[in-house]
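If you're matching them up, the sequences are chains D and F in order.
No gaps in the numbering here: position 134 of the first sequence is 134 in my numbering, and each next residue is one more.
No gaps in the numbering here: position 66 of the second sequence is 66 in my numbering, and each next residue is one more.
Because the hints were derived from the structure by calculation, they are not lab data.
There's no promise every hint is true.
What the hints assert, rightly or not - EDC-like cross-link-like pairs, simulated, lysine to aspartate or glutamate; straight-line CA separation at most 16 Å: (1) F:K305 x F:D278; (2) F:K305 x F:D345; (3) F:K305 x F:E281; (4) D:K84 x F:D476; (5) F:K173 x D:E156; (6) F:K173 x F:E412.
Because the structure is a prediction, the values reported are computed rather than measured.
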Amino acid sequence: MSASPSKIALVAVAAALVALPLVSSEFVTSFLMTRILILAIAAASIVFLFRYGGMVSLGQFLIFGVAGFMVGNAVGDSGSKGLKLGWDPWVGVIFALVICLVVALVLGALASRTSGIYFLMLTLTYAVIGYYFFGQVTTLSGFGGITGIRPPPLFEGHPWRLYYVALGLSLVVYIGFNAISRTPFGLALQGTRDDPIRMASLGFNVPLHRTLAFVIAGFVAGCAGILNIWWNGQIDPTSISIGPTLDLLIIAVIGGISYFEGAWLGAAVYVSANIYLRNVPLVDQIGITEARFNTVIGLLVLLIMVLSPEGIMGIIDRLRRGKREAEASVPAMARVGSG
Amino acid sequence: MRATETGRSRPARWLALLAVLALTVAACAGETTDTTGTTSGAADTTEATEETTATTEASTDTTAASGESIKLGILAECEGAFGGFNEDVVAGVTLALINHAGATSNSTTTALDGFANAVAGGREIELVGIGCGDDTADRIIQEIRTLVEENGAEIVIGPLSGDESIAVANYAKDHPEITVLSGIAGAQETTLQVQAPNYFRFHGDGAQWNAGLGDILHNQAGWDTAAIIVDDYSFGWTSSAGFIADFCAVGGTIAPEARIYPPLGTTDYSSFIQQLPDPDEVDGYFWVVGGTGTTAALEAFVNAKGELTGDQHAGNLFFNPGLASTLGPGIAGAYVGGFATPPGDVSSPEIDEYLASADAAWETLAGALSGNEPAPPSVAAAFGFFYGYYSGGVALVNALNAVEGDLSNNHEALRAELAGMTLELPYGPVSLDENRHGIVDVYLSQLVLDGEEVVQQTVALIPQVDQTFGGTFSADTPGPSRDFPGCETADLPWSGNAIPVVDGVPQE
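Modelling step: build the complete structure from the supplied sequences, incorporating the hints.
This is the structure:
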């Protein structure tokens, strides 16, 4: 019945994150950590699709953005852009989630019959179409985007509440995605990942499973997108352009695209590097300024791809396995010695 | 088997490490500009050491300051279409503090290394950070949040670009504990619609800067119909709104299908140029394509529609004599809208003193107008991007001096002082309207041939242009967009009343 070290570590991390607003500055809680959690939730949807469905999606940030634009249009009531419907924020949330589900269903149904590089390219196309759609359709946004979007009164002036919502949603997403693996749907989805032809011959509807997975991932990305516009107060097409789209995949890769924990780790590394790299003493003397951030992240990804394709979690996993093997070998040696 | 795999992978890992190191060195060594031409800030080691010593010595000499320092953040622009102006805008603030607050620059060749010894209202002004914008609202919000919420900035000067300014003004509205002085962002919505009580803009907006241009083009150049090509973002819309309102007010027409809106930062304009009417279908083209896009768009026009003829083209502030170097002298004859600074032919003792002070503050600056190559600092100082930030810096110092550094009660005294001041600046005084937005003089100009060289010559002065554009715009009208304003005749206060300028002197 004793808890495994990994579970103890997870509980400890969760407890530390819950206590964080009590011991850290407001900036760390309301800016750094909230942003990490929001991006991590979106990145976890990439991990979900890859881990269970074998699909590398570049469409998640589009759905993340769709949620933001829909909230912006529904809730906004001033400015020159958007529909300015002025709805109640919670009605805006429901509206945004419904639109996200519809978009994810349509895009997922279209993409479900492709796999591998074709799925990747198709979802990349979605991202490009989304960028230009919101840029060109000024009724919904325009390239300038929608600004001045306020969160529901519950969060206004209380950024730590948004942090706790992001933290709570992170836990739900983490536990939920892990739990799906043991459901009949999750098992079938993993089957379609490993051998779609055999699964089809066994009577499973492979495209339907992939589509449903895309819808689930889209719903999660949409939730992250809603948190993001509450946190950021604005969204523009550049927020969901190719750069941020690739950044989300990079976050998943840095952390380890096969591990759900990797989404949070990758987001922590990415966001922290973005904010704190410029403050490292003398780093500007070697040409690494904030304008060089993408170069640094690119090098980091290159390193990870070569040294640990499974990302930071892969390194942790290897260290853990090495320790376990070492521990297992000690009694064996002792037995040999005593024998 | 396992040992063999490990043995194989080790050299690969070391090779990878070497490759990464080599890439790092290649990316950083000897590189002084990025893709947008922004200076990296890397300095010669010896020079840096000397500067550090100087800074240390200088920092001990703050006897005039008392109490806690005032924390200042600058929202600059290190990436995107206006990334080349990073040095210019930081230098603008720095020169204001050098000239009016006794500051000293930490470097003789760049403003990005910061300054020391700035004192205003009896308190030291401490630079806590320089935000790195990329002309998007998303990025600038991250940057101002870092400056304010992490670095503790109480006063922020910036941003540069239109969409950024709307986002920053909304942020300021939600954060009454800070005061923002606009850099040079010229979107109308920022002040006319958002109306943040702690956002001050001591310069005009894009529409104001084009006041009177349509009148000249219709009544002097003979344009009855025009097509416009406009950067598809807030500043582009605002700038074109000024031209449309002015041109249509006096009887010109711009057909809805003759309004083309390429995204800001477009590199290939050919598809947008194809949508423009041909030269025999309209009397002229008005260009609102800025930053890195100006030359690219005009080159695409030459490729698609034939040679440029200056009398059929006009542009906002981004038209300048430098275009002739790539497009040829055919651009001569084009009229140009105004900006925060007039062309170089307008001079006065105050302007001369201001430009000389820039040259005294640094040996060289790698500003955008010199292609981000080292040049006399007055080259950058004479252009509006530098000057807009300079204006914000001067306003801050004057206001701090007036209230003796009092930032209590959410900067109440400082804001009252800023709102009521008439700022005496080298290129003329600026006062603010009820939305804390500048009422400005606008100088219109024309590109003309001086021998074989194309130069910019001031042709008219439109005094005291306000943001409502003679009542055309208000908080109740929609913000400028692709569809607004429409093309309607109106009675603008300056129509037919522009003051001619001859040899840089207004003929009042």
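Status of each hint after checking the structure:
no. : hint            : result
1   : F:K305 x F:D278 : 7 Å, holds
2   : F:K305 x F:D345 : 33 Å, violated
3   : F:K305 x F:E281 : 12 Å, holds
4   : D:K84 x F:D476  : 14 Å, holds
5   : F:K173 x D:E156 : 13 Å, holds
6   : F:K173 x F:E412 : 14 Å, holds
Violation of the numbered hints given earlier is confined to hint 2; every other hint is satisfied by the structure.
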